[in-house]
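All chains should be built: construct the whole structure from the sequences, respecting the hints.
So the protein sequences, as listed, match chains A and B.
Reminder that position 109 of the first sequence reads as 109 in the working numbering, one-by-one numbering, no gaps.
Reminder that position 78 of the second sequence reads as 78 in the working numbering, one-by-one numbering, no gaps.
Honestly, the hints are just simulated from the structure, not real lab data.
A couple of the hints might just be wrong.
As the list claims (entries may be wrong) - Straight-line Cα separation of at most 16 angstroms, EDC-like style, residue types lysine to aspartate or glutamate; simulated pairs:
#1 A:Lys71 x A:Asp26
#2 B:Lys110 x B:Glu14
#3 B:Lys3 x B:Asp103
#4 B:Lys98 x A:Asp26
#5 B:Lys3 x A:Glu59
#6 B:Lys98 x A:Glu52
#7 B:Lys110 x B:Asp67
#8 A:Lys71 x A:Glu52
#9 A:Lys71 x A:Asp38
As the structure is a computational prediction, the values presented were derived from the model and not from experiment.
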Amino acid sequence: NAGVTQTPKFQVLKTGQSMTLQCAQDMNHNSMYWYRQDPGMGLRLIYYSASEGTTDKGEVPNGYNVSRLNKREFSLRLESAAPSQTSVYFCASSERWQSLYEQYFGPGTRLTVT
Amino acid sequence: DAKTTQPTSMDCAEGRAANLPCNHSTISGNEYVYWYRQIHSQGPQYIIHGLKNNETNEMASLIITEDRKSSTLILPHATLRDTAVYYCIVSPRGNAGKSTFGDGTTLTVKP
Numbered sequence: 001n002a003g004v005t006q007t008p009k010f011q012v013l014k015t016g017q018s019m020t021l022q023c024a025q026d027m028n029h030n031s032m033y034w035y036r037q038d039p040g041m042g043l044r045l046i047y048y049s050a051s052e053g054t055t056d057k058g059e060v061p062n063g064y065n066v067s068r069l070n071k072r073e074f075s076l077r078l079e080s081a082a083p084s085q086t087s088v089y090f091c092a093s094s095e096r097w098q099s100l101y102e103q104y105f106g107p108g109t110r111l112t113v114t
Numbered sequence: 001d002a003k004t005t006q007p008t009s010m011d012c013a014e015g016r017a018a019n020l021p022c023n024h025s026t027i028s029g030n031e032y033v034y035w036y037r038q039i040h041s042q043g044p045q046y047i048i049h050g051l052k053n054n055e056t057n058e059m060a061s062l063i064i065t066e067d068r069k070s071s072t073l074i075l076p077h078a079t080l081r082d083t084a085v086y087y088c089i090v091s092p093r094g095n096a097g098k099s100t101f102g103d104g105t106t107l108t109v110k111p
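Structure, rendered in structure tokens:
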């Protein structure tokens with residue numbers, strides 16, 4: 001099992017450009033999450049999906065949109081990138097509904113917006 | 001939502017027990033204490049969690065005070081590979097959307 005995979009691993013965008021970060025899990029988990037981690041800081045929740053077909057805002061949702069495409073895939077879209085969105089983005093999944101118990105994290109996408 | 005306070009950094013000698021404290025004095029009755037760690041910019045890794053009883057698994061032990069206002073994560077025999085940032089998080093069950101990781105404790109295990 002690959003666990004949680006994220007693409008791309010690295011990305012550089014210019015201000016105003018858009019892009020979609022992809023996340024997939026092969027553990028048949030119900031819930032999926034998107035976090036961002038700014039340099040030297042902890043993780044902050046952007047959006048989460050408790051189950052297929054549902055999405056909810058986390059702590060810092062402004063400037064982002066998400067799509068739970070199916071049970072495996074959860075994508076994060078930046079419509080108009082800003083330098084403040086320079087960060088490392090982590091996707092995670094959990095079997096338990098909307099729980100911090102045993103969240104499995106992907107390797108992250110390192111995004112720089114110039 | 002309860003917030004946590006952790007020391008910024010700690011050192012531990014290899015082979016000794018590492019005791020990482022966490023203060024969560026405003027914790028509510030339905031909030032669990034979770035511990036994660038993050039090794040060198042990798043994705044965080046779940047360690048352990050508890051409500052009010054002490055818990056132990058193959059990675060660590062979690063000691064929660066009787067009043068639940070603080071807890072301690074214990075790594076019984078720290079190795080160099082345990083060097084990481086350790087996050088203490090309080091979260092209601094089934095409401096991960098209200099959770100905050102905070103800045104964590106950087107544990108450095110020294111030979």
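Going through the hints against the structure:
{"no.": "1", "hint": "A:Lys71 x A:Asp26", "verdict": "holds (9 angstroms)"}
{"no.": "2", "hint": "B:Lys110 x B:Glu14", "verdict": "holds (6 angstroms)"}
{"no.": "3", "hint": "B:Lys3 x B:Asp103", "verdict": "holds (11 angstroms)"}
{"no.": "4", "hint": "B:Lys98 x A:Asp26", "verdict": "violated (25 angstroms)"}
{"no.": "5", "hint": "B:Lys3 x A:Glu59", "verdict": "holds (14 angstroms)"}
{"no.": "6", "hint": "B:Lys98 x A:Glu52", "verdict": "violated (20 angstroms)"}
{"no.": "7", "hint": "B:Lys110 x B:Asp67", "verdict": "violated (33 angstroms)"}
{"no.": "8", "hint": "A:Lys71 x A:Glu52", "verdict": "holds (5 angstroms)"}
{"no.": "9", "hint": "A:Lys71 x A:Asp38", "verdict": "violated (28 angstroms)"}
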